[in-house]
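Those protein sequences? They're chains A and B, same order as listed. Positions 136 to 912 (our numbering) are the ones given, in order, by the first sequence. Positions -6 to 271 (our numbering) are the ones given, in order, by the second sequence.
Hints may contain errors.
Dumping the calculated DSSO-like pairs for lysine-lysine here, alpha-carbon to alpha-carbon at most 30 Å [claimed, not checked]:
(1) K39/B with K184/A
(2) K231/B with K778/A
(3) K39/B with K778/A
(4) K578/A with K92/B
Hints in this document: simulated from the structure, not taken from any laboratory.
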Amino acid sequence: MDQYKVIGKSPPRKDSKDKVKGKVKYVNDINTVGMLHTALKTSPHAHAKIISIDIAEAMEKPGVRKVITGEDIPYIVGLYLGDKYPLALGKVRHYGEAVAAVIADSEREALEALDAIKISYEELSPVRSIEEAMNEDAALVHEELDTYQHIDGIYPEGDSNVANRTKIRKGDIDLGFEESDFIIEDTFSYPQGDHVALETRAAIAEIKEDGQVIITSTSQAPFVVRSLMSSFFNIEPGKITVTAPPLGGGFGGKAGIQLEGLAYLLSKAVEGKPVKVVNTREQDMMASPGRIGFEGKVKLGCKKDGEIMAMKLHYMFDTGAYADYSVNISRAAAIACTGPYNVPHLTCDSLCVYTNHPFTNAYRGFGHLELAFAIERALDVMADKLGMDSAELRKKNAIKAGDTSPTNSVMDENTGDLSKCIDRVKELIQWEEGTYIPLGENKVRAKGMGCLWKAPAMPTNTDAGAILTFNEDGSINLNCSIVEIGQGTGTGLAQILAEKFKMDLEKIHIVTDINTRVAPHDWATAASRSLFMAGRAVMEAAEDALTQIKETAAAVLRCPSEDLDVAEERVFIKDEPHIGLDLKDVVLGYVYENGNAIRGQIIGRGRYIARRITGIDKETGEGKPALEWTLGAEAVEVELDLKDYSYKILKSACVMDVGKVIHPDLARGQVVGAMSMGLSLATDEAYVFNSRGQVLNNDLRSFKIMRYGEMPEYLVDFVETPQGDGPYGARGLGEQGIIGIPAAVINALSKAMGMQLKELPLTPENLWRARKEENTI
Amino acid sequence: MISYDFEYYRPDTYEGAVKLFHQLNNESKNPLYYSGGTEIVTNARKNVIKTGAIIDIKAIPEGNLLRETEDAILLGANLTLNEIIEGSNFPLLNNVIRKIADHTVRNRLTLGGNICGRLAYREAILPLLTTEAKMVVAGENGLKSMSVGEIFDKRLKLQKGEILLQVEIPKKDTELPYYHERKEKQGEIDYPLVHVVALKKEERIKAAFTGICAFPFRSPEIEEILNDKNLSFEERAKKVVDKLPSNSRDDVFASKDFREFLMERSIIHTLKNLEGGI
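Chain B extracted, bound-state conformation (with noise of 0.2 Å):
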């Protein structure tokens, strides 16, 4: 049961949903973007998050939409998991986002939510960061589409008050070879402690990593060793080890060694399938 009290809006545009933020911000509510609810019911429930308002996007047309255009996809960063599982065409990122919680609660949970949420995983974002995906993020200036790698470090960089409203995604890239692998402690429905997701293009691995990590990230310079053929695989996955952007996790799922331990082979499959040779 969440024991406080808060007031709900559903707004049913951007312009009004952005507003109505800044409105109850200035009177020290708090507000929350609310979208599935999976993260904000159940922390709400432990008083971990506390807020005043709640803004529920869901009503939002730009963030339902799920459509192909000649060179893109277009997905509304409200439609849940399960919506996009089964209605995309970007097998990499179904693939990604159905290890995410379990089938009822990706009944519930969103892309936006996803990516936007608490938990340091946001799994969603691997994809849309290896195939260098625009997000449009509405503010109170209207719509903007960046590209994810300008927005995204560690986490979606939000100004106070955005909203991610859709992705979009470069078609061709989603026809390309891709690789992935997602280790947990035990059960598959799980948090990940480490999933790899990388896919060639032009002959060169791009890859993204979470669970390692504090956070998701794709890196450049890890990308250099991933393609750098005058190292064996076994090479490139331990020295993609030591260069990681921060200490690896250790915690109570897993250990740092046994994350990193796991990292290095997700690396050596990773390059196997993709680069091949071996």
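Okay, chain A solo, but in the shape it has when bound (with noise of 0.2 Å):
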């Protein structure tokens, strides 16, 4: 059945052609007459204090204007906890932090400039893991956190380096235990790592006369950046005004603020000319922030027959040197701590961690990433030991509508349905055929399943807007204020929106560079909730429009406006068609024939604000900070060689509730990309430290991601339960696909290799590693 004109099919991405002819204009594409170019100076060491910096000879360098330090701009900048200057003040905390700042006619100027700036340094020693931070004598990382500045919610601990702990309490855990039949207990990991978006960050920032800040920047988030350098730099709102155009990829790393901080206060330090930041890839990765660390041990107890009874989890994130949005991503974790299941009683603690590891920030997942990873893997040890079959304990515990969350909130009538999320997933990867085929004496294919659930994290008054305006032929422009991130939103959009309107999605135009000036105000283009959120507004802001549409025709027309209705781009009498308007004769207002007009132009005006949502009690966790969960079941099938520990991918799938697709070829799209980021995590991608807490690989020579030719067979399918406020049904798909996988692949090895595997990266070396260490036990 047919139900939708545009809505569910797959017409070409809007800025697809643009992209794939390079066309589009990125930020670093951005060059000015007069604009000035900046290089940094980092840091060599993981943890010392600053001695002295000498800038004279970098000073007289060609076409050097300024070269700031630390104490030229000791402003706090950080996301929600002030731990952060734009350049390090005093002491620098980890390996590559942003030490100094070259401002030159050229970039080249600029970066010859850098060896001529002598810094000298105290070496400290470095806290190098989340043990030694923990560790009761541990150095400390933020020797003042007590005196810190930090949004409500989050809950610093002074005198150690936890910058933030959340508490989950639910039911009686000692109860849950008693009651349980079977328990383990476990620890999980894994280290940093990178987003490695393919653009790397920049920004762009000037100071007009009359005080007007322009701030141009790979931002998924301009609003947040327009509020926040208020408050850090006391600028009036009205006065900054952010661009953010397409982005090559963000995954949570272009979320909050940047570069945005330190570009303004160059640009300050030069008379306000415009002042462009842009990172190295090698700067992307260690001065601004990459993927969080994480440990994390689960005590699990089931009955007998499976059903989870218990679960006690103590979550550590490895932050790294600053918290910037880590701090909420411990916290998100304890929302989701359980993952999709129904657990009656439990008690989580999730700390946010520092270290003198590089900082970290939002990575697609955000934190149900990494629970996922311990309770998937958790779910598989225990089905070990039960002697039952894991996605059969993964369907007896799955959360469905009337459970309650960790956070105690009833899962509504929305919830997703997670059991047929895994039997589809059982069909499309073949489980009945068997999770453990021996192929032959050295070689074996396996199986391994991971579920996900998760919900957006962020602020309970979190909003979205939408605004139409009409051109000549009738066609609409639509101002929403998602940053294009390489997910395609906008065409999802745009596609509610010609669905509102019964018209084609070529007569809808997508403001593509997002101006905070004149688009709608919006959170961030974050946490997967722009297709439900804006779209939300986008179905208001059309109401608006055929209202005012109709009541113009209904003029013209002589008719009742409830008589009328909207498509192929006319207004009409429901129930004589042939009677109608144009809408390009409607929407600028109508023109009689003797010159008289009428009611002027049509302006779609549409809004959304997140509904009922709280935070949660500092000492239980209650309240209800989620508006919608995804759930979605994965599974991955490997074919490792038992020999040499090198194995394939062969498998991918995924399998999610969505409610609705509204355009099935971005959201497969969105769903195979972020198994393929999963599924790189996973198999390589982590930071190595030496003992000095210097990351050895910190380029892309030496920091691998997967390539194209390296991926699977991806499996994709989608369960359809509708979420009654989403936009024709749909809720946030964008990060999801990634959230299972880690766990999935681990599972298919542990399967694979007879052991329980507990760390990633999973490299052939730390399989063969894990299996020398278990003969020697």
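Need the complex rebuilt from these two chains, each delivered in its own frame; the hints are there to steer you.
Below is the structure:
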């Protein structure tokens, strides 16, 4: 049954041709006359006191306008917790931290001056792991954590390395374990890495004579940048304009505030001239935030039949030297700590821990990726203990409407159907054929599963907006504030609008550069909430415009406006469709034959603000912080060489309950992209540190991401349990595809190896080592 | 971006190139010969390579030759790896260099650059070592042709200003039975942890290695072990690892222990393939 005209179809995305032909302009493509360029001097040490910085020689280099150090710009720029300066001040806390900036006439001259900056350091012993950070007598990464400003809802623990602790207490944990027949307890972990967005971060800032601050940035969150710039630097918000052109990938790494503050301060140092700051690849990996590291301790109790009775969880996140988004990642992981399962008795402490590693921020999955790794791995360990099929164990405990979440909020009728996702993913990966299939003497094929759930982690007042204006041909300009980060949400929103107008997608034009001066307010293009929330705003804007169109037409056609309908670029009387007007004659005001005109242009306005979300209780975690939950099941098939531990991922499958698929090809693209990130992260991506806390693989020669040619066969399907309040029943799907994958890979390899693996990355060497260690026990 | 200025030259003859090199060297410009540029550009960008002058040798005709004579395959050192893969008749060499970098990089990366560059792996030399190829070198006194064994020890022992112009591979050796095995950290497009290249000539196995040590090598002592039929394959593999010419590499890509584990396995596979029997 084809209920819709545009929804559920896969028209080419609006921006595809320009992207393919290289016509899209990214931030670093912008060069204007008089623009100054910059280069950053970074720290070779993981932890050191800055004794002195000598800039005299660098100032003499050709083309150099200014050399700026931390002392020149002592502003705090921490996102949620005020722990960071734009350039290190007094102390460096991680390898690769930006210490000084050169402003010069050209990028070349700025780079050339870097060597002439002489910095003397006194090395301090670095905090090199979560374990070291949590030691009673650990060195403190931030001695003055006590005094730092922070938002409500996070709880830094002074005189320690804990930047935030979120607690969940549900049911009676002791009773839960008493009632359990089987209990397992284990620790699962993985190190930090990077987003590796194709486009490195960049920002351009300029200050006009009247104090207007103009920022162009690789930002997923131009409105957050505006608001934080205002509070960090005491600028009136109305005087700040932030533009976000399309991005070459974000993955969370360009959310919050990144280089914008530094660019502004550097511009200020040169009388407001336009200044561009662009990360090199190495700086994007080291000086800007990467992906968080994780260690999760799971104690899990089950009945004989597999019913989960209790979980005691201790999650620790390696945020590195600064907290940025990570204090909220650890919080999001607490809110969703159990994974998509009904757990009656539960405690969870989720900690954001400082180390002298590079700092981290949001990364696709946002805490859910990490908790899923721990929980899904633990479930497989438990399934082995119970002698139960791990998919059955998951199905038995799958959360459903009426159950309560870890924060004790009741899962409503919008809860997706996890069991159905598990069944479908089993079909796709041919689970019933067997999850362990020997291939001769030295090879084995094995399958592993990982389920997922995710709710957006966002402020309770998160909003979105949409403005519609019209052109002479009746076509519509869609002005939403969703940044194009590769995901193609703009096309999905255009489809929603086209559907409301029952018109062709070609007649919808998307505003692509998001400019805070003219675009409607929107929180951020993050948390997989864009299609849902901006989609709702678009629907309201469409209703608003349609009402206005009908009112104009009703006057001209002399009929009640409720008798009118709009379709195929006409407004007409429903039961006499030959009587009507072309939209083009209505949308800019109707003009009678004698020249009289009425009613003027149509401007559609739509808004949406998250419904009935609350914070959570400090001691128990009680509350309703989730707008909606997307549930899903994923599985991979691997082929392992038992002799040398090399392996191939053969298949990777994902089935998610997304409510309604708006654009099947884009949805599949998001899921496949997310799965490939998960595979790459599980199999190889990780920073390697030496004993001094320096990163040894801070470039793409040595930090490898999976290549196109290494991709497995991807199998994707969707379940559609409508989200009552979602646009056409849709819910978020942007990040989710990554979440279950690392667990699925480690579960498959554990099965193939016949042992319980506990750490990423799963390089052949690490598998070999795990086997060797097992043999020596 | 490369932040510093340097001069760029593109001579048409090797005589001109060599002369220019010495001239620029006397002017303390630290000249570098430039072929594909994949290493120079990436390292100059990071300020790891600093030079005042680049001498692009790609216009030298002898360096771009790809020819077969009655008894040799002649390859210009400036040929890109892809040009060789697509045009040469030496399957072992083609299979070995197909593993270097990725297709796009192989469009630039040259045979001479791979052998003479800074990166220690220099995988293209392995088939040349096992076939005892001749290396044609241009220097101040014109051309000289030397056996690879004479001029290659861990690296090509070029005198200052000399250019590797061509390699000449004995044709009959290109038809010998061969085996090679390369192991990486995870994905295939990465540096080799171990790369073993071997062929069998007159019932003797000749083998060259890279990845395992900080340099590529062929060793008479190791070949003695490989060909010692009194020992099992496993015993030979173990013994080879004991007799490596230096410590095994231990770095961000793999530990020494894991490299040695892979090395033993690759040697066993090599013996199985070339000696057979088990």
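Here's how the hints hold up against the structure:
1. K39/B with K184/A: 26 Å, holds
2. K231/B with K778/A: Cα-Cα ~16 Å, so holds.
3. K39/B with K778/A: 39 Å, violated
4. K578/A with K92/B: 24 Å, holds
Figure legend: structure checked against the earlier numbered hints; the only hint not met is number 3.
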